[in-house]
Amino acid sequence: MFQKKFRKVVYLLFVLIISQFKSQTYSLDELENITEKYRAEGKIQELIDFNKKALSQYQQQNNKEGAVAAYINIANYLAVVNNYQESLVFLNKAEKDISEIRNAELKSKFYGAYARNYSELALYEQSLQNFNKSLEYAWEISDTQKRKKRLYLCYSWKMACFEALKMPDSMRSMERKILSISPEPLIYVTIANRNLQEKKPDSTLYYLDKAMAIVDQYSVYEKGKILLSYGRLYTEKKEYNKALDYYMQSLDIFEKMKSKSDKRTAYKQISETYISLKNDDKANEYLKKYTQINDSITKEEKEVMHIQVEKVIHEKDQHEKTEKSKLYLLILLIIIGFIIVGYFISTAYLKKQKRKDEVIIEKSLETNQLKKKLNPAFEETIQLAKKGNPLFLTRFKEVYPDFYDKISTQYPSLTSNELKFCALLKLNFSSKEIMDFENISLRTVETRKYRLRKKLQLPSDIDINKWMMEQ
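All residue numbers for the sequence shown refer to my numbering, where the first residue is 80 and numbers rise by one.
No wet-lab data here; the hints were simulated from the structure. Heads up, a few of these hints could be off.
As the list claims (entries may be wrong) - Ranges of calculated distance between the beta carbons of each label pair, as one might list FRET restraints: (1) Lys466 / Lys245: 41 to 47 Å; (2) Thr377 / Thr494: 28 to 34 Å; (3) Asp128 / Ser340: 17 to 23 Å; (4) Pro480 / Leu429: 40 to 46 Å; (5) Leu258 / Glu174: 29 to 35 Å; (6) Asp324 / Lys245: 30 to 36 Å; (7) Arg434 / Asp484: 53 to 59 Å; (8) Pro491 / Glu318: 45 to 51 Å.
To be verified - With a cut-off of at most 25 Å between alpha-carbon atoms, the simulated DSS-like pairs for lysine-lysine come out as follows: (9) Lys212 / Lys227; (10) Lys368 / Lys465; (11) Lys337 / Lys317; (12) Lys347 / Lys335; (13) Lys381 / Lys316; (14) Lys122 / Lys302; (15) Lys116 / Lys335; (16) Lys225 / Lys279; (17) Lys172 / Lys143; (18) Lys335 / Lys317; (19) Lys279 / Lys289; (20) Lys545 / Lys528; (21) Lys499 / Lys430; (22) Lys256 / Lys245; (23) Lys228 / Lys143; (24) Lys122 / Lys132; (25) Lys131 / Lys228; (26) Lys143 / Lys212; (27) Lys335 / Lys368; (28) Lys485 / Lys431; (29) Lys256 / Lys228; (30) Lys337 / Lys122; (31) Lys505 / Lys476; (32) Lys476 / Lys430; (33) Lys368 / Lys381; (34) Lys225 / Lys131; (35) Lys534 / Lys245; (36) Lys378 / Lys316; (37) Lys511 / Lys528.
Ideal Cβ placement from N, Cα and C applies to all residues, glycine included.
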């Protein structure tokens, strides 16, 4: 009898312990610390698996903050291994709950993760817009260290975007901000790479040595990037065996992390080094590896690119619809206001108002008559633009002389191509329309818009099409 009771008690205790273990959950700080530990060790797959396990627990407990944090972590590190399509799936899931969350750090991470994907897909204007949103929330983080970490990451990625857009002044500005926060290994690697491009091997070595001196405090990924840059330095110095050793060390790290884009870079460098060493067999071996992984990455990028382009177009359409709704609401409120005011005003005022209305109607008729006169010229200008006719800009000057003179006078540094682009925006052509009849990619259109915005010194929150139409 006693033994039966004892067994029953032991069984109940065992069930209780197991249930407690299964119900274990992680705080946001614990989730971040464990994720960071895996990242530092280069265990990306283990990191993703851990966050998926944590996500399941958060979902069972209806913990939206925890679920969003896990979604973002998974999305970020899927991007690290170049799985952009699945990364965006997890970000889309996070997007459903992010509006209900008041956690500034999570919001900063969310927009930063989207920005990172845009950057990897070379959609730099969208990337910079999302990094700016990420920075807005980063400044709201009360914890100093967490705020600095978010600022550092945003500035680092913005610097990479500016480098890709060939905007050295903006890039240096980000560089100064990063150094003022924390001189970490990767910023030294960036400076070293720039010095290498400028044919300054001594300065390159100086900054790489500075990075290597502190890299043990950071993740193994940073070490891989440093080793890769050492290899480039010794390639430049024609010390090919030494360069090869560094490339192989970096490749070992990138293979453990399963970082396809970094492996691709290493394969290419190794193949070229073997060519310099006159080892054709090895050169071909690594060239084949490079080609295979490059084809794989290119395929993945193409698969996800159309999704992101559609998202960008959808967001723009939604923004335009929102602006129209605001305009209609404003018009409605003005009408209601006039009705209320009109109800209380005196008969004398009504007579006066009636006369004003007659003047307005008269002016409106004059305006309509003027529009009718201009319409043929307007339509002709539209058709010249759509056909890519070289006479387009000449005709545009005749139809919109005030606009053209104002833009060319206030911004004398604008080139003829940029003035033509201004004319297309003035006529309210969408990015997709410009892409079609100019026979260029959407990415090129967005890049031109971004550079033009910088020349005109327009804030990022101003719609450049709308601004042109108002001039």
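Now for the hints, and whether the structure bears them out:
1. Distance hint for lysine 466 and lysine 245: a CB-CB separation of about 31 Å, inconsistent with the stated range 41 to 47 Å.
2. Judged by the Cβ atoms, the range 28 to 34 Å given for threonine 377 and threonine 494 holds: they are separated by roughly 33 Å.
3. In this structure, aspartate 128 and serine 340 meet the distance hint of 17 to 23 Å, their C-beta atoms being roughly 21 Å apart.
4. Separated by about 42 Å at the C-beta atoms, proline 480 and leucine 429 satisfy the suggested range of 40 to 46 Å.
5. Taking 29 to 35 Å as the suggested C-beta distance range, the pair leucine 258 and glutamate 174 conforms, at roughly 33 Å.
6. Between aspartate 324 and lysine 245 the C-beta distance comes to about 33 Å, which sits within the given range of 30 to 36 Å.
7. At roughly 37 Å, the beta carbons of arginine 434 and aspartate 484 sit outside the given window of 53 to 59 Å.
8. Between proline 491 and glutamate 318 the beta carbon distance is about 50 Å. The supplied range of 45 to 51 Å therefore holds.
9. Between the alpha carbons of lysine 212 and lysine 227 the distance comes to roughly 16 Å, so the proposed pair stays at or under 25 Å and holds.
10. Distance check on the hinted pair: lysine 368 and lysine 465 sit about 45 Å apart at the alpha-carbon level, beyond 25 Å; violated.
11. Straight-line distance between C-alpha atoms of lysine 337 and lysine 317 comes to about 29 Å, which puts the hinted pair past the 25 Å bound.
12. Between lysine 347 and lysine 335 the alpha-carbon distance is near 18 Å, which keeps this suggested pair within the 25 Å criterion.
13. With a C-alpha separation of about 37 Å, the suggested pairing of lysine 381 with lysine 316 is violated against the 25 Å cut-off.
14. For the hint pairing lysine 122 with lysine 302, the CA-to-CA distance comes to about 14 Å; that is within 25 Å, so the pair holds.
15. The straight-line distance between the Cα atoms of lysine 116 and lysine 335 is roughly 15 Å, inside the 25 Å bound, and the hint therefore holds.
16. Only pairs whose Cα atoms come within 25 Å are accepted, and lysine 225 paired with lysine 279 is rejected, the gap being roughly 36 Å.
17. Taking the CA atoms of lysine 172 and lysine 143, the gap is near 11 Å; set against the 25 Å cutoff, the hint holds.
18. This hinted pair does not check out: lysine 335 and lysine 317 have alpha carbons roughly 28 Å apart, beyond 25 Å.
19. For the hint linking lysine 279 to lysine 289, the alpha-carbon distance of about 16 Å falls within 25 Å, and the restraint holds.
20. A C-alpha spacing of about 13 Å is found between lysine 545 and lysine 528, which places the hinted pair at or below 25 Å, so the restraint holds.
21. For the hint pairing lysine 499 with lysine 430, the CA-to-CA distance comes to about 49 Å; that exceeds 25 Å, so the pair is violated.
22. Taking the CA atoms of lysine 256 and lysine 245, the gap is about 19 Å. The hint holds against a cut of 25 Å.
23. Note on lysine 228 and lysine 143: the hinted pairing holds, with a Cα-Cα distance of about 23 Å set against a maximum of 25 Å.
24. The suggested pairing of lysine 122 with lysine 132 holds, with an alpha-carbon distance near 16 Å, which does not exceed 25 Å.
25. For the given pair, lysine 131 sits about 24 Å from lysine 228 by alpha-carbon distance, which is consistent with the 25 Å threshold.
26. For the hint pairing lysine 143 with lysine 212, the CA-to-CA distance comes to about 21 Å; that is within 25 Å, so the pair holds.
27. With a CA separation close to 16 Å, the supplied pair lysine 335 and lysine 368 stays within the 25 Å bound.
28. The straight-line distance between the Cα atoms of lysine 485 and lysine 431 is roughly 38 Å, outside the 25 Å bound, and the hint therefore fails.
29. With a CA separation close to 12 Å, the supplied pair lysine 256 and lysine 228 stays within the 25 Å bound.
30. Among the hinted pairs, lysine 337 with lysine 122 is consistent with the structure: their alpha-carbon atoms are about 9 Å apart, no more than 25 Å.
31. The suggested pairing of lysine 505 with lysine 476 holds, with an alpha-carbon distance near 12 Å, which does not exceed 25 Å.
32. A threshold of 25 Å between alpha carbons decides the hint, and for lysine 476 with lysine 430 the separation of about 44 Å lies outside it, so the pair is violated.
33. With a CA separation close to 20 Å, the supplied pair lysine 368 and lysine 381 stays within the 25 Å bound.
34. Straight-line distance between C-alpha atoms of lysine 225 and lysine 131 comes to about 23 Å, which keeps the hinted pair within the 25 Å bound.
35. Distance restraint check for lysine 534 and lysine 245: the Cα-Cα separation of roughly 14 Å lies within the 25 Å cut-off, and the hinted pair is therefore satisfied.
36. Among the hinted pairs, lysine 378 with lysine 316 is inconsistent with the structure: their alpha-carbon atoms are about 35 Å apart, more than 25 Å.
37. Between lysine 511 and lysine 528 the CA atoms are separated by roughly 13 Å; this keeps the pair inside 25 Å, and the hint holds.
The structure shown violates the earlier hints numbered 1, 7, 10, 11, 13, 16, 18, 21, 28, 32, 36.
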